[in-house]
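Join the two chains, each given in its own frame, into one complex according to the hints.
As given, the protein sequences belong to chains A and B, one line each in that order. For the first sequence, the numbering used here assigns the number 323 to the last residue and increments by one with no breaks. For the second sequence, the numbering used here assigns the number 1302 to the last residue and increments by one with no breaks.
Read the hints as simulated data drawn from the structure, not as lab findings. For glycine and all other residues, C-beta sits at the position ideal for the given N, C-alpha and C. Mixed in with the good hints, there may be bad ones.
What the hints assert, rightly or not - Quick list of the computed label-pair ranges, beta carbon to beta carbon:
(1) A:P185 - B:H1125: 25 to 35 Å
(2) A:K190 - B:S1072: 49 to 59 Å
(3) B:G1273 - A:K294: 47 to 57 Å
(4) B:N1068 - A:K294: 52 to 62 Å
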Amino acid sequence: MSTITLPEKVEMKKTREGFGRALVDLGEQDPRIVVLVGDLSESTMVHFFAEKFPDRFIQVGIAEQNMACVAAGLAAMGKIPFFSTYGAFASCRSADQIRVSIAYTNLNVKIGGAHGGISVGPDGATHQAMEEISIMRAIPNMSMVVPCDYWETYKATIAAAKHQGPVYLRFGREDVPVVTTKDTPFTFGKGEVFADGSDLTIIACGVMVYEALRAHEELAQKGISARVVDLHTPKPIDRELIIRCARETGAVVTAEEHQVNGGLGGAVAEVIVQNHPVPMELVAVHDRFGQSGKPSELMDAFGLRAKDIVAAADKVLARKRAR
Amino acid sequence: MTIQIPPAELEAAHRPGRLLWTADRLEAKALEVRRDIITILAKSQTGHSGGPLSCADFGTVLFFHELNIDTSNPKWPERDYWHFSIGHVTPVIYALMAERGYFPLRDLMKFRAFDGHCQGHPSAHDTPGIEVSSGSLGQGLSVCCGVAKAAQIDKHPRRVYCVMGDGEQQEGQIWEAAMFAAHYKLDNVCAIIDYNRKQIDGDVQAIMGIAPLADKWRSFGWNVIECKGHDVPDVLRAFAEARAHKGSPSVLLAHTVMGQNISYMADDYKWHGKPPKMPEAEQALQELGTSYAEWSERLLNH
Chain A
1 MSTITLPEKV EMKKTREGFG RALVDLGEQD PRIVVLVGDL SESTMVHFFA
51 EKFPDRFIQV GIAEQNMACV AAGLAAMGKI PFFSTYGAFA SCRSADQIRV
101 SIAYTNLNVK IGGAHGGISV GPDGATHQAM EEISIMRAIP NMSMVVPCDY
151 WETYKATIAA AKHQGPVYLR FGREDVPVVT TKDTPFTFGK GEVFADGSDL
201 TIIACGVMVY EALRAHEELA QKGISARVVD LHTPKPIDRE LIIRCARETG
251 AVVTAEEHQV NGGLGGAVAE VIVQNHPVPM ELVAVHDRFG QSGKPSELMD
301 AFGLRAKDIV AAADKVLARK RAR
Chain B
1001 MTIQIPPAEL EAAHRPGRLL WTADRLEAKA LEVRRDIITI LAKSQTGHSG
1051 GPLSCADFGT VLFFHELNID TSNPKWPERD YWHFSIGHVT PVIYALMAER
1101 GYFPLRDLMK FRAFDGHCQG HPSAHDTPGI EVSSGSLGQG LSVCCGVAKA
1151 AQIDKHPRRV YCVMGDGEQQ EGQIWEAAMF AAHYKLDNVC AIIDYNRKQI
1201 DGDVQAIMGI APLADKWRSF GWNVIECKGH DVPDVLRAFA EARAHKGSPS
1251 VLLAHTVMGQ NISYMADDYK WHGKPPKMPE AEQALQELGT SYAEWSERLL
1301 NH
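Chain B extracted, bound-state conformation (with noise of 0.2 Å):
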């Protein structure tokens, strides 16, 4: 039952450039992304389950359509930037980073351990292709900020991807970014947050309201896009927006489900910082139409 992925495949995934993959290639590839992120849950035993489901149909369009990067060569002076200010969600993070060949797949079965690179918070000291470390919320978006500047004086073509949670929108430090990003009309900044509504401790909206979102972006000067976050065609029209638009930054509105396609962890935010327990992580598995014996063997041999 062991799974051998094609070599053609393999390089295919791995190509430098954007991908520009189609709909339904994206979407096979989200499969695979979240049998990733449940194994490797499984493996472990530790880390966040909700959010790196939530994030893992629009992380697959980022990195095999949107980005232009060479992750065979990590620090290529041509790549786009991406940066998860959501550090927590390194399970997708790194899930995303093996299957587009930054590094092997069988490093994702040391996820949060001793012996591996696979920090629990994303690590530039360990992990190659991380450039910035995060972890701490609210720092992720000045981050991309400071990238963005850089290229707007040195008048580099790069784009600058930064992905944000909804419960992270509570930061002050966020809204001095969004207000540098707009003030220095940096529209080579596209943020994405998953607004899957949910935080630790409960509903954003009962633990800190953030709402009328989109309309706090408007008002600080931002190009808002909402979209579908686990509709594909939805989120590749999203991109194509914000690539398009000109003269201020954009932040996509990804609409998700925390938990999303387990039908357990869907919408609970119960399942926002722990793993599943081997019984539930097989279920999950064959929700996804794999099992852990069969994901962990094609993780283990790549």
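Here chain A stands alone, though its shape is the one from the complex (with noise of 0.2 Å):
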């Protein structure tokens, strides 16, 4: 457990540019390291491997079905390839890509899916990623992260090098408060607990661990003890952690920000009802698409606040009360 309290000032911090440093810390270690872009260089922010390692960065234009396979054949050959795009696109557009030749084949390809989520705002519904977690885990041999800020980010990038096997990443494409440091515990596959409690806990991934830590806060107000997780691995799930979290606490909420059909919600559900039933709320978007706006305004609109995170814990504590 690494307890995080935030501060009255939190720092903003782009999830996406924890990718970009990482990659090029990776290329300097690793020469098997190469990264393949579909004309997005700044805004999936490979451009800093780019300036780095020309050699080994291939600009593949606008073509995701063929960075995929492409990506498939230099793992195929030893390498180690991020390839990298916005998310809708990743996790769609080369969806039969990624299932056929880079994960029945188990190919060691790392896809780095940019501006996941509501948040990326004014762009609309085409550029909102909002499925990535229920393709991607449908998927045999795939594993998937959500990693909650700048330095999650940066460990998660690491760990999927490491990681033998294809692996998603999903970040956003705002500022997003920093709610880990630099030498926050992250382990590729487990949960991590960032505030204790025993009346319930918040699972979530992603942008709404943030939501969730100020949940605890004003739940705390309310004399509700909240435990927090950050479960930034939606597969392979910390099967483990969520169901001691279940047999301790007795209720769950999860947050993300993403549809609820199948995603983090539908994955922490799958272990809770097989192994130890509590009751449950899932903090989501509601199996609708986005649209244009403020990413604020629609993280207000979509439900995905803090306030959401504590309206779904009053709901799950009187079921927990009734029992």
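Take a look at the structure:
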């Protein structure tokens, strides 16, 4: 456990920058690292790598299907390719290529999906990827990581390179609160308890980890003790931790900036319902497309705030008490 | 009537490196590959007949003349890379692989079976020597571009061979890969198109026209080489031209006939995706100078 107490004013930084910086460090350590991009070098922040290692940087142009399979071919020859584009295209446009050429072969391809979630903002629904967790975790051999901030993205990128097999990494577009530090532990496939509590557990990923920590504070003011778990790896999922939290706190709220269908909440529910059923609420995008707007407006409108987690907590606690 | 393959003959076919076989030897091997194809389809009673037979001749040239491989060590670092983007032609892929020594011939008799490794479509998870799984059309040339790009980065002399179908040319991803290979001047890439003019629903030109195919590839910056896909000396010439060409990738348009060398299958799209029933297989094997009993024994004994 690594308890995190949020300061009054939290530093804001882009998750995708953690990806871009980590690639440069990886490139220095390991000549097998190659980076591909589909015409979005700056958006995905792989331009840092491109400047440093032009011979190992492959511009593919606007051709995501080709990019996924070129990465497969590079991996088949022992390279560790990272390919990057917006998450909407990485997960949906290349889904068949990821399924057949990459995952069925279990190739060592890493996928960086930028601009995940509703907080992408003004670009609207086409560019607000909200299905990646569902799609990727349905494919055998795939792993899926949704880091919560800059440092966790940096560590997740390093961990993805060390992990043998295909990994999808999801980042957002905006500056988001930096809740972890360089030294916060990160283990691929293991959740991290960021705040202890005994009345219920909030299990979150991505930017919703920050909202969960704020919800923890609000609930504390009401005398409710909420545990907060950063479950950054929806797959492989940390079954042990989820079951322990269900057993010890007796109620669970999940929080994700993603469709409710098959997302983090679904993944957690699959573990809970088969092992230790407890009342559950899922804070997520409820089966609708996004729209244009300011990121903050959209997070409010789509019910992805600390107050929404608090409301969900009230519901599970009522059901827990009624049992 | 059991056929025993002389050990020296097996050893010669399994030898590492480029075999550089001559046309007469290749033609004899192509006949055996066709017998394998019909026999395993007859045994399994599932799978594709037409495409494997149209690929049999240039496929034999590829495996027994052109490719620098070590089938006893499929990940040999010096190897050339080969990939069938048309994953559904597994009968010819597995026949070539087994004849060349990747696995025993008897494994062919468990084609598409639950207790065999020869999956319906090529699986890297199951079959030694399959490096990247295929079966969803249009992906193979991109995979080959990745392999070729890795060789370019490493300054490795590896050559990369990708077999595609003509119907497959309808997949958009192929043209993304065509752009990529030309853009990066991947002259280590040699694509081969099995141009049999048939696909599962009928004539390619009637389903969704791909002509003029040579002009399309030329306009994408490729070195286009046309050849008679069942004429072994002409296929040898085409591969040699591709190898000698520098500065851009090469594509062989191998003009072929679906179901080639089986009288009732030839040029009939209805044989794209089905196996011959046993009496039909017997007729086909008779046309190829053997019988099911004889040829299945040959496979099971090795």
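key: Violated hints, by number in ascending order, as checked against the structure   = 2
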